[in-house]
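A.B. asks: Below are the chains, spelled out letter by letter.
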Amino acid sequence: NAGVTQTPKFRILKIGQSMTLQCTQDMNHNYMYWYRQDPGMGLKLIYYSVGAGITDKGEVPNGYNVSRSTTEDFPLRLELAAPSQTSVYFCASSYLKGQGADGYTFGSGTRLTVV
Amino acid sequence: EDKVVQSPLSLVVHEGDTVTLNCSYEVTNFRSLLWYKQEKKAPTFLFMLTSSGIEKKSGRLSSILDKKELFSILNITATQTGDSAIYLCAVAPSNTGKLIFGQGTTLQVKP
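Quick mapping for you: the protein sequence lines, in order, are chains A and B.
First residue of the first sequence: 1395, per my numbering; consecutive thereafter.
First residue of the second sequence: 150, per my numbering; consecutive thereafter.
So here's chain A without its partners, still in its complex pose:
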């Protein structure tokens, strides 16, 4: 059971480049999330999805896009990378609306640097 798998683990982008952060879960969780973490700022929600075909904005969605064509996959797209998007990105999934010890599983994170 792999849980939540994120790729890549590290990436350096030039300003204006685009990329997709991949996230896959094999737990049949209906909810999936993308967070970013900046030093001293905790985790901020970028986008989330309550099921295949349904996505919604979180707290800091500007500069990002998502899609949820299957239950398992929730990729995060950066179209025009900016230095402000330098951060650590975490994907997560849950089956009970974010509640409980087993209800919320994080991926191992992607460290992105935009130069």
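Any given hint might turn out to be false.
[Claimed, not checked] Distance condition first, Cα-Cα at most 25 Å in a straight line; then the derived SDA-like pairs of lysine to any residue:
{"#": "1", "chain 1": "A", "residue 1": "K1403", "chain 2": "B", "residue 2": "T255"}
{"#": "2", "chain 1": "B", "residue 1": "K190", "chain 2": "A", "residue 2": "P1455"}
{"#": "3", "chain 1": "B", "residue 1": "K190", "chain 2": "A", "residue 2": "I1448"}
{"#": "4", "chain 1": "B", "residue 1": "K186", "chain 2": "A", "residue 2": "P1433"}
{"#": "5", "chain 1": "B", "residue 1": "K259", "chain 2": "B", "residue 2": "E218"}
{"#": "6", "chain 1": "B", "residue 1": "K189", "chain 2": "A", "residue 2": "Q1479"}
{"#": "7", "chain 1": "A", "residue 1": "K1438", "chain 2": "B", "residue 2": "F194"}
{"#": "8", "chain 1": "B", "residue 1": "K189", "chain 2": "B", "residue 2": "L219"}
{"#": "9", "chain 1": "A", "residue 1": "K1408", "chain 2": "A", "residue 2": "A1446"}
Calculated directly from the structure, the hints in this document are not laboratory data.
The hints should help you fit chain B onto chain A, whose structure is shown.
C.D. replies: Just chain B now, kept in the frame of chain A:
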């Protein structure tokens, strides 16, 4: 606007000390409060609290929630260098899947 605030933001102690980390919140339709420990990678779950006054305990760590004062504390007794980490508090509003995180408290335990 929903908000979670942690204090202090950083803390340096010596092994054997006891520490108390604080988390206050303002959230519409509160459902639960969660504590996480984050070392080098993803946050790992510590506690979930839903009811006031009921202490959750795991080894040297304990936590309690006060829903009247909108406040939770995380206590660590007899600290060890392995307790060095960022401690995150998060609140789950009802009827959403989202977690609202505080800024985190960075704890450093010196030998």
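A.B. asks: It remains to establish, for every hint, whether it holds in the given structure.
C.D. replies: Okay, the hints, checked on the actual structure:
no.: 1; hint: K1403(A) <-> T255(B); result: holds, 23 Å
no.: 2; hint: K190(B) <-> P1455(A); result: holds, 23 Å
no.: 3; hint: K190(B) <-> I1448(A); result: violated, 28 Å
no.: 4; hint: K186(B) <-> P1433(A); result: holds, 15 Å
no.: 5; hint: K259(B) <-> E218(B); result: violated, 33 Å
no.: 6; hint: K189(B) <-> Q1479(A); result: holds, 20 Å
no.: 7; hint: K1438(A) <-> F194(B); result: holds, 17 Å
no.: 8; hint: K189(B) <-> L219(B); result: violated, 30 Å
no.: 9; hint: K1408(A) <-> A1446(A); result: violated, 32 Å
Hints 3, 5, 8 and 9, counting from the list given before, are not met by this structure.
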